[in-house]
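Read top to bottom, the protein sequences are chains D and A.
So the first sequence is numbered by numbering that gives the first Met the number 0: it starts at 0 and just counts up by one.
So the second sequence is numbered by numbering that gives the first Met the number 0: it starts at 0 and just counts up by one.
Treat the hints as calculated values from the structure; they're not laboratory data.
A quick note: this is a predicted structure, and the numbers were derived from the prediction, not measured.
Idealized CB from N, CA, C, for every residue including glycine.
A portion of the hints provided could be inaccurate.
[Stated by the list, open to error] Listed below are several chain D residues computed to face chain A (Cβ distance under 7 Å; list not exhaustive):
| id | residue |
| --- | --- |
| 1 | ASP207 |
| 2 | ALA210 |
| 3 | LEU214 |
| 4 | GLY307 |
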Amino acid sequence: MSNATTRPAMVRLFGAEPKRLLLWGAVAAVLAFLPQLLAGRPFELRLLTIICLYATMGQAWNILGGYAGQISIGHGLFFGLGAYTSTIAVLSLDLNPWLGGLLAIFVTAGAGVLIGLTCFRLRSHYFVIATLVVAESAFLIFSQWSFVGGAIGLELPIRPSGWVNFEFHRNKIPYYYIALMMLLCVTLFVVWMERSKIGHVLKAIRDDEDAARSLGFSPLRYKLIAMAVSAGVLGFCGTFYAQYVLLVDPPSVLAGSISIIIALVTIFGGIGTVAGPIIGSVALISLSEYSRIYFSGSGRNVDLLIYGALIMIIAAYGPGGIISIVEKLRRRTERPSIDDPSGTPRVQTPATKAT
Amino acid sequence: MEHLLQVSGVSVMFGGLTALNNVSFSVGRNEILGIVGPNGAGKSTLFGVICGDIVAKAGEVHLNGQPLAGRLSHEIARLGLVRTFQTPRPFASMTFLENVTIAALTRSNDMKTARGRGEAALARVGLGDCFDRPSSGASTGQRKRLDIARALATAPKVLLLDEPLGGVDPGSIAEVIDLLRQIRSDGMTLMVIEHNLEALTGIADRLIAMTLGHKIADGVPAQVMSDDKLVRAYLGDDDGVA
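For reference, chain A alone in the conformation it holds in the complex (with noise of 0.2 Å):
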């Protein structure tokens, strides 16, 4: 598979606090990476590192080929690599379709081409019905339908998913999945981070399992998820880190 975006050998330090450690690996064009682990295992700030909030104190990030050291986050949204964020964050005084508007002006000038855009991409989320309704009301799971709609009206290669099922009521998780999984056959690419583990291996084409900043394990989810590491890092033992 022909990879679009290649991580070598990240780390980062808060401090004396190791949050990435030689971090290395690579996703193929068009493939679902889910990337799981427990609370403080790193997985945010991955994606802080490849999105250029967070700088790597080692390693290097490509996207297909071109390396995104020293560029800013803006400029690396620009070249196609968005994310969404743990805690959504929309634009609290504006309305759902003119949130997602502003994301569609990073691709065009033109008012009117961006608000249809914008409608489009929230049309496909599920929140056709709610373009003119303040974001400041919506509740958590229309949030996260709506930063994914942002991320999607900005035309993205890769699409950084941060926890997009928190929050949502159970009854729409299958949508949320069905979603995602239209992203990709549009042939986008999708890292997700996710703690629903059962979602997440039932759409991912691969996952990586991290846990205190380490790569632990890193393959298709029926063998990462069999993988004994990952267990004892969710529920502990007395051997520590891997």
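The following block holds chain D by itself, in its conformation from the complex (with noise of 0.2 Å):
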């Protein structure tokens, strides 16, 4: 029998060593636990959720913009997009706030291809301009569209608590495990797509779109497959936005500066890596979450100014995000043994590295 058969799924899988699956495996039961430890501290409940929504965005960013290549400036479109889906379901057809959302990922996929088979046409800065224009032209017609509300937006139904009815008033617990669930349902699909063809051929696509197409690759169709996934699972968070916020309306939704957030959680944790959205949704939103509450009053906007300042430094010094700096000063910091009488660093370079 081959090793690869015998081997768990899990490490099969995700080609992770057992001794990693423990350490994940951990990880898994603090943050399943962290509400439990937090009782009474709604604040920090709600910076969690908002955490893992944000890196749950990011990740989905990441499918196009870091694997595919493809930098949008206006994901917050399929954000406010799976929101107004999901609400006008629950308040005109009466439909479950579940169910709900699973249309809000058809409707926003569906809008991602339409708009990726135009936008696809332009390269580099160009579809960055057409992604930012289109989200702008939504967030003009959703404020004057009456049928969705206009400016004054949409409210849902104050319905009994429960899973049911995707509503949680007084204990707002559940809405952390929905988010952390999201979040783990889509990290574990990228590290799937990473190792897969697609995740290949998007990678690919990113590093030369004119030599994947030679080889007999259809960039705009795996393109498109990017952008669907990456839309749909955006169309999902906003389903939840609404059903946490239990109100829809265009600023809160759709407003250019929740594009900026997705795109920036994902570039300042690591482009184009797994543990990046994490990393940078971690960091960006606890900044902006605490500036917000030591600085309000004069002092708002502050996190904005942080903002800028955290992306001059990571612009500077590491442009691969966060994880490329900790990378650079890991390799620092493992210097040549002693012993080695080759003085051969024991870091692993890329030219060892294997893949």
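Fit chain to chain and form the complex, with the hints in mind.
Written as structure tokens, this is what we have:
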């Protein structure tokens, strides 16, 4: 029997060693019990929920921006579209919010494909500008469109708390668990994707679209798949947010700043990596929320100033995000051992790094 | 000889410039066809038309009797017509093996199988010791070989090589020529653009000479190389294009 078939399924799927799986198991356990430790601290609970939400959205953005190399700064559109889709489904069709979320996934994935069919004709900064224009146009349309409540927006009905209604009024812990599950599912998908054919082809398209095409891959097809998956995840995130705040209006779900933050958490943490969006979300969302608390009133927008400063630092010292800085520091600290007569550093260089 | 690739009356205009003018020729199965001519002759444009990267204003290209008009370049590559580039274009964030494994994924959805094919293709072009090296650090000669390995991993029927010897160190030229011979002996058909005429005449069954978008000679290497029109195309004279 081959070695591959004797290994546990999780190890085969994710290529991880038992030690690493154990570590991830411990992290999962801590995350699962964290709300119990934070009982009676609603701010921290909300912070964790929002971190998970933005990390999920960052992972979704990363599929298109990090792996396929198509930088979108209009991804907030899918978040807003998902929020509006499920809300309208609940209000107009009396649909269960979970089914509304499912509908939101399909609607936003479809919208992603339609937008991709036109925008993917453009490359590099032209594509970036196009995504911005589409998202800003959607904001203006939704602000004026009476069917979706215009600038006032739509309010979701207050229903009894419970998993079936996707509403939790007094105890907000279930929202955290839902956000954590969303993050876990999307992260596992990205880990699988990285090792799969589609992940490799997306990276090839990111590196050189024409070379990938010359080998027989259709860049448009793969970019549309990436866009559909990415948009679908953001659509469900929009539903989650709508059920969390029970209000949907253009500034809260379609604002340009949402698109920027979705892209920023990934770029800040490490674009094109699995851990990047999670690290970026923990750092940036915590910073944003705490600075909002401590510098409120006259200090409004201080968080944006701090954002700006951090982005400049990252751009100057680690364009690959926090992950690349940590990696750089790790290599620097791993000096050649004095008992190694060759003086060869023990750090794994790119030349010897296994694929 | 059975014709695998047929190019008939192909013309390409870039604005007011005629890049290809009514070019016709055919390539036999398992043949090595060399294409020679000075810079600007239209050789790479010809590759672009055959591969579907450039749309011809007139003319047709047939592969195995099948018209390629209207097909997208990746569809043509799937039919078995694969090219390399004059300036090699490795996937810079990847290792040598990842570069070639991706190419093998055009023929197999299984990563393990593709990786095996990738390893075989790299070993075949003499890069068996570079599997895990980042392609971004490769020399020009290594990049050229990597480009060939990547194309081979797609299991093509016709391989279009754009200056495969360009940038290859003189000591390795014989190895690359041997490699091209081996590829042909495996049943593949090759079209080779090359400025190293001595090397090309040594391996090509037939040569096509081009200048300023025109085909000026077509025949066995000795005949084409002694053609006055080719000599004039390279060295120039007052008579202009034939």
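Results for each hint:
For ASP207 of chain D, the interface hint holds, the least distance from its beta-carbon to any beta-carbon of chain A being 5 Å, beneath 7 Å. A cut of 7 Å between beta carbons decides the hint on ALA210 of chain D: the least distance to chain A is about 4 Å, and the hint holds. With 7 Å as the threshold, the beta carbon of LEU214 of chain D comes within range of chain A, its nearest partner Cβ sitting at about 5 Å, so the hint holds. Contact between GLY307 of chain D and chain A, as hinted, is not supported at the beta carbon level, the nearest pair being about 28 Å apart and thus beyond 7 Å.
Checked against the numbered hints above, the structure breaks only hint 4 and satisfies the rest.
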